[in-house]
Amino acid sequence: MTGREAADRRRALVCVAPTVVALGTLTVYPGIWVIWLSLQRRVPIFDVSRFAGLENYAFLMVDPRFWSSVRTTAVFTVGSVALEVVLGVAAALAIHTQQRGRRVSISLLLLAWAMPAVVGAKLFEWLYHPAAGLLNVLLGGHRINWLGDPALALPALILADVWRTMPFVAILCYARLLAIPADVYEAAQVDGAGRLATLTRITLPLLGRILLLAVLFRTLDALRAFDIMFVLTGGGPAGTTETLTVYAYRALFQMLQLGFGSAVSVVVFALVMAVAWAYLRLLRAGTVAA
Amino acid sequence: MNARLRTLADAAVLLALAAYAIPFFWQLLTSFKPESELLRVPPLLPSRLTVSHYQVVIWQSLMPRALGNSLGIASITTILSLAAGVPAAYAVARLPLPGKRLLLLAIVASTAFPQIATVSPLYLLMRGLQLRDTWTGLVLVHASFALPLTIWLLAGFVREIPIEAEEAASVDGAGLVAMFRWVVIPLLAPGLASTALLTFLFSWNEFLFAYTFTVSEASRTIPVALALFPGVFEVPWGDIAAASMLASLPPIVIVIALQRFLVRGLVAGAVKE
Amino acid sequence: MSPAPRRSTLALVTLIGLLTLGGCAAGQESGTVTLVFKYARILGNADPLPGLLRQFEAAHPGVRVQGEALPWTSDDQHQFYVINLEGRSPGFDVMMLDCIWVPEFARAGWLLDLTGQLAPDELAPFFPSAVASATFDGRVWALPWNFNVGLLYYRTDLLAKYGLRPPDTFEELIEQVRRIRAAERDPALDGYVWQGKQYEGLVVNVLEAFWAGGTTLMAEDGTVFPDPTRAADALALLRSLITSGVSPAWTTAADEELSRRAFGDGHAIFLRNWPYAMDLFEGRGSAVRGKVAFTAVLGRAHGARGVGSTGGAHLGVSRRSRHPELALALARHLTSEPAQRAIALGAALSPTRQALYQDPEIVRDHPAMPQLQQLALAGRPRPVVPYYQLLSATVQPEFSAALVGVKRPERAIADASKRLGFFLQAVR
Chain C
0 MTGREAADRR
10 RALVCVAPTV
20 VALGTLTVYP
30 GIWVIWLSLQ
40 RRVPIFDVSR
50 FAGLENYAFL
60 MVDPRFWSSV
70 RTTAVFTVGS
80 VALEVVLGVA
90 AALAIHTQQR
100 GRRVSISLLL
110 LAWAMPAVVG
120 AKLFEWLYHP
130 AAGLLNVLLG
140 GHRINWLGDP
150 ALALPALILA
160 DVWRTMPFVA
170 ILCYARLLAI
180 PADVYEAAQV
190 DGAGRLATLT
200 RITLPLLGRI
210 LLLAVLFRTL
220 DALRAFDIMF
230 VLTGGGPAGT
240 TETLTVYAYR
250 ALFQMLQLGF
260 GSAVSVVVFA
270 LVMAVAWAYL
280 RLLRAGTVAA
Chain G
0 MNARLRTLAD
10 AAVLLALAAY
20 AIPFFWQLLT
30 SFKPESELLR
40 VPPLLPSRLT
50 VSHYQVVIWQ
60 SLMPRALGNS
70 LGIASITTIL
80 SLAAGVPAAY
90 AVARLPLPGK
100 RLLLLAIVAS
110 TAFPQIATVS
120 PLYLLMRGLQ
130 LRDTWTGLVL
140 VHASFALPLT
150 IWLLAGFVRE
160 IPIEAEEAAS
170 VDGAGLVAMF
180 RWVVIPLLAP
190 GLASTALLTF
200 LFSWNEFLFA
210 YTFTVSEASR
220 TIPVALALFP
230 GVFEVPWGDI
240 AAASMLASLP
250 PIVIVIALQR
260 FLVRGLVAGA
270 VKE
Chain R
0 MSPAPRRSTL
10 ALVTLIGLLT
20 LGGCAAGQES
30 GTVTLVFKYA
40 RILGNADPLP
50 GLLRQFEAAH
60 PGVRVQGEAL
70 PWTSDDQHQF
80 YVINLEGRSP
90 GFDVMMLDCI
100 WVPEFARAGW
110 LLDLTGQLAP
120 DELAPFFPSA
130 VASATFDGRV
140 WALPWNFNVG
150 LLYYRTDLLA
160 KYGLRPPDTF
170 EELIEQVRRI
180 RAAERDPALD
190 GYVWQGKQYE
200 GLVVNVLEAF
210 WAGGTTLMAE
220 DGTVFPDPTR
230 AADALALLRS
240 LITSGVSPAW
250 TTAADEELSR
260 RAFGDGHAIF
270 LRNWPYAMDL
280 FEGRGSAVRG
290 KVAFTAVLGR
300 AHGARGVGST
310 GGAHLGVSRR
320 SRHPELALAL
330 ARHLTSEPAQ
340 RAIALGAALS
350 PTRQALYQDP
360 EIVRDHPAMP
370 QLQQLALAGR
380 PRPVVPYYQL
390 LSATVQPEFS
400 AALVGVKRPE
410 RAIADASKRL
420 GFFLQAVR
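Heads up: the protein sequence lines correspond to chains C, G and R, in order. All the letters of the first sequence, read from the start, carry residue numbers 0 to 289 under numbering that gives the first Met the number 0. All the letters of the second sequence, read from the start, carry residue numbers 0 to 272 under numbering that gives the first Met the number 0. All the letters of the third sequence, read from the start, carry residue numbers 0 to 427 under numbering that gives the first Met the number 0.
No lab work stands behind these hints, which were simulated from the structure alone. All clues stand as given, with none of them false.
Taking CB as the label site, the calculated pair distances span: (1) P41/G - D264/R: 17 to 23 Å; (2) A68/R - V274/C: 38 to 44 Å; (3) E183/R - P41/G: 25 to 31 Å; (4) Y56/C - R319/R: 31 to 37 Å; (5) E34/G - L195/C: 50 to 56 Å; (6) R102/C - A18/G: 15 to 21 Å; (7) P97/G - R319/R: 43 to 49 Å; (8) R53/R - A18/G: 49 to 55 Å; (9) L44/G - K417/R: 51 to 57 Å; (10) D190/C - R100/G: 44 to 50 Å; (11) T242/R - L104/G: 54 to 60 Å.
Here a beta-carbon is modelled for each residue, glycine too, at the ideal position from N, C-alpha and C.
Could you put together the complete structure from these sequences and hints?
Take a look at the structure:
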C-alpha cells in the first residue's frame, strides 16, 4: 500500500466515523435491542421483566388479531401500490404531452405529496364526513359512513394514501420520460407506428425499470406506513384498518406490553427487510439502473 | 397537431390535475368558511369568507409554538444530517474505505428500516438519557433516520463531480478539508440543496417519533399538534382546516418555489443516464 | 493545530450550544412557582375552572397554575399519561384521572400517597364508591372530584303521548320503540342511541348489558368471563338492537357526544349516557328542553335489574412533582365544597360530595339531583384492578367486532378470553 493510499484510508475512516457512530447507536443498537425485547415479558408499569424465549412469537402464531393485521397490511400495500403505479404512469404521460404549463402541473401534483401525512389524514377525515363531507355531497347526498363501515374503511384509507403518494411515482416516471431521446420517437413515427403502439412498445418498456424501482420504494413505504391510518381511523372500525404497525404501536403504548409489542415490531422489521433484500438481489442482477 | 388542439389538450391536463388537487382546495375553502356553514352542505360555497379560524389557530392554539418547534428541529436535523453525510458520501464514492461493502449494505438496509421497529428501544433510551421532551432527542433520532438516504443521494452526486477538479486541487497541495471547502462542496451545491430539502421535509412531516417522545404541549411538533388538536363539543373542522393549511405552508413553499431541486432530489439515485 | 480541526471544533461547539438551547427551550420556567394541572376540557354551558384556578392563585401569591388540556378520549388520555409518566419526566403536578386508572397509577408508583396528609374524616362527605376507587392497597391516592353513573334518558313527551312508563328492561324498551315509531312515522326518529364505538365507552355499555344478564367481565376471584354463554348472549342482544333497527347503524361509531347530539336534537327516543348530558338538554336553545327525564339503565326481563356503571374523575398528585404540598393544596381547593358547588352550578359535572345533592341552591337549578344521588348510590364500579386498562384495551376490539357483525358474539368472547389469558399471565 502506498503512503497515499494509506492516507486516503485514514481519511475515509475519519469521514465515516460520525455516520458509523450515529447509525450504530440509534439504528443498529436499537435494532438488536428490539429483538432482545421481543424475547421478554416486559410490562414497565408492573415491574415485569423476565426472559420468556419465544413465548410472544408462539402467541402471535395463533393470535387472530395478528393475522387480521397481516391481511390488512397486505391488502393495503398491494392496493395502494397498484393504484399508485397506474395513476402515476398516467399522470406522467399526461404531463409529458403538455407543451406549456408543465411546471404548474407538477406543482399541483406535488401539493398532495409535500404535506405531512397527518395533514392528509385530517383532510380526508373531513372529506369522508358522513353529513358534510365533500365526497358524500358529490355522490348525491347519501350519508355513507366511509370511516365507520367495516367494508368501506380500508378502501377509504387506501384512497387517501394513494392520493398523497401517487405524485412520487408520477415524478419518477416523468423524469425518466424526459430522458428518453426524441429520436427514438421519431424513428417509431418513421416506421409508421401509431400512438398506441408507441405507448405499449416503446414508452412503457423504457419506463419498466424505473417503475420497478418505484414499486419497490412504495412497497417498503406502504409496509411501514403508520401516520395515516393511526390518525385517520386509529385502526378501526373493529380493526379493519389495523395494519401491523398500528397493532404494534397499540401493544407497545396502549397495552404497555413492551415485550409483545416488540415481537410484532420485529415481524414488521423482518417483512420490510425481506422485501429490501429482494430489491438488493435485483439490483445486483443489474435489472435496475442505479 | 395544430396549435389550438395542443392548447386545449394542455388545458385538459391542467384541469385534470387541478381536480386531483381538489381535496387540498376543499380544505383551503373550509378554513375560510364560517362555523355555522360548515355542516350545512350543499351549498358547497360559503356565503362569505372569514378569518376567524385562522385567528383561533394563531392566537389561541398551540400551532405557533409547534411551528417554531418543527422549524427548529427540522433545520437542525438537516444541518446535522448533511454535516455527517457529506464526508461519509465522499468516502463511499471516492476513497478506499475498508469495509465499504458492509457499510453500503448497512446504509441501504437502513433506508428500508421501519420506524416502528426501533420506537420501543428508542423510547427506553430516551427515557434513560432524559432526552424526552427535548429538541435534542428528536433531532438525534431524525438525523440518524435521514442519514442513510442522505448518504445514498449525496454519493450519487459526488460521483458526478469530475475527478479532474479534485486531482487538480490535490496536486496544488490541498488537504482533505480544504478540498471539501473549495472543490467538493461548491460543485455539490445543487445536490446538497436537493438532499437538504428532502431531509427537511422528512423531519417536518415525521409523526411517530415526535408523538412518542414529546410530553408537554410546549414541545409538540406540527404533526403531533395537529393530530391532538383539541375539540370541546365536537370536532372543530374549520379550525383544523386552518391549522392544516398553516402546517403545510413550508412544504408547499418548498414545492412551488424550489421545485427544480426537489424533483432533482427525488429522481437522483434512481435515474442515471 | 492545523486550521481544519479548529474550525470543526467551533462548529461542533456551536451545534452543541444550539442543541442545548433547544433542549432548554422546551418547558422550563423560571421565577414564580408554576403548577401544571392537566385536565380534560369540561363540557357544559360555562367553564368554572379558570375562575377556580385564579382563586387559588390569589390565595397563594407567587404561584401560577397552568391548566393544560388532555386529549379528548379516555383512552388517548391514558396513553398520554402512560407514555409520559413512564418516561419519568415531572411534566405535571396535579392530574385529572379517570377513576379506573387510580389503582394502575398507584401500583406503578406515579401517584403521591395522600393517606398521611388527610384529616381522619376528610373523605367522609364523598360517595363511598368514589372513595373506594381512589383507594388501593389500603392507601388513598387521589381526591374524588366528579362523579358519574350510567343513566337512561327518555323523552317524557313521547312516552306520555302513548301512555308509557319508562322501561325497566331491554325487552320493554324494544317494544316501546316499535310502538312509538310505528305511530310517529318519522324516519328521522331513532329508537335507542348508546355508545358502540371501539373505545372505553363501549366497554361500559357492554358491562351494563352483562350485569343485566346476570354475569360480569371479571368475577370477584379474578376469573375473566366466568359465564361466557351469558356474556355472549348479552353481546348478541346489543348486536340485535342494531340489526333490528332499534338502534341506528351509526351506533357502532357513536361516542358520548355523538349520541347526546342525536338525542338533544330530538332525533331519538331513548339515550344511554352520563349525567352531564342533562344540563345540556335543559340549556337555552335546546330542542328537547323540558322534555327529558332519566331513570336507571336497562335490565333484562329474565335477568337482573339495571345497574348503572359508575365513573368519574379524581385528582391525583404526581409523585415527581417539585411542589407536592402546593399541588395537594390545589387538589384540595378544587374538590372543596365551594369549588364543587361552582362546578355543579356552572358546568355539567356531578359533584362527589353527597351533601350537594340535597343543597337547595343546586336543586333549584337541577331538580333531578336527589334522584341522581339515589341512582349513583346504587351504581356499580368497573373492575377496580391495576390492570383494568389492559383488560379494556384487550376486549374493546372483540366487542366492537361482535357489534359490527364481523365476528359472532361467542367467537368474540372466546377470543377475548384467550388474549386476556396471555396478557394477564404476566401481571397477576
